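With these hints in hand, go ahead and build the complete structure from the sequences.
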Amino acid sequence: IDGFDNGIRNFKTTKRMSQNETVEELAARYQMYRTKSGHWDGGAFDSEIDGFDNGKHRVMKSLGELLGTPGTPAVDIITKMGKPDDIETPGQPLHLMPGPVLPPGVEPLEQGGSYNLVYNWRGKHDRLWFKIDSTTEKVISHGWYGDLE
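All residue numbers for the sequence shown refer to our numbering, where the first residue is 1 and numbers rise by one.
Just so you know, the hints here were simulated from the structure itself, not pulled from any lab data. Bear in mind the structure is a predicted one, so any value in this text is a computation, not a measurement. Beta carbons are placed, not taken as given, at the ideal position from N, Cα and C, and that holds for glycine. Be aware that a few hints might be false.
Claimed, not checked - Straight-line Cα separation of at most 20 Å, PhoX-like style, residue types lysine-lysine; simulated pairs: (1) K138 / K80; (2) K131 / K83; (3) K83 / K36; (4) K80 / K36; (5) K83 / K138; (6) K80 / K131; (7) K124 / K83; (8) K124 / K36.
Said to hold, decoys possible - Each pair of labels, with its calculated beta carbon distance range: (9) K131 / Q31: 20 to 28 Å; (10) G43 / V75: 13 to 21 Å; (11) E25 / V75: 18 to 26 Å; (12) E24 / E137: 18 to 26 Å.
This is the structure:
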């Protein structure tokens, strides 16, 4: 862990995936990891899934860096990473997406608002988020929620 960012429990690591891997290759590896259960998903500990700075974490970190660039369309994230585990709006998470249809009782976001597409690394223990502008449907920023051990 290199440190915290702006007092929020965001963490950074020093290792990176190979610069030669394409977004498509990283996305395919992420989808493979996403199908496996580790300790935080009710399975046995698996260092490739659960280990800090190992397989799944490193792939997600690389995808965060590549897809989390401001201006990236949200649809690109969903196309590469799949349906998010959660969508959070100010005040509460929404458990829907993808799709433009809101369930009964859910009000559309005010113009100029934002929401987070959230992808779990180790259950809800550590999660990658992408902050999306609700008007342009493009990335504003990205980061990590982490419980840090």
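Hint by hint, here is what the structure shows:
no. : hint                   : in the structure
1   : K138 / K80             : holds, 15 Å
2   : K131 / K83             : holds, 15 Å
3   : K83 / K36              : holds, 16 Å
4   : K80 / K36              : holds, 18 Å
5   : K83 / K138             : holds, 16 Å
6   : K80 / K131             : holds, 16 Å
7   : K124 / K83             : holds, 16 Å
8   : K124 / K36             : holds, 15 Å
9   : K131 / Q31: 20 to 28 Å : holds, 23 Å
10  : G43 / V75: 13 to 21 Å  : violated, 31 Å
11  : E25 / V75: 18 to 26 Å  : holds, 20 Å
12  : E24 / E137: 18 to 26 Å : holds, 21 Å
Figure legend: structure checked against the earlier numbered hints; the only hint not met is number 10.
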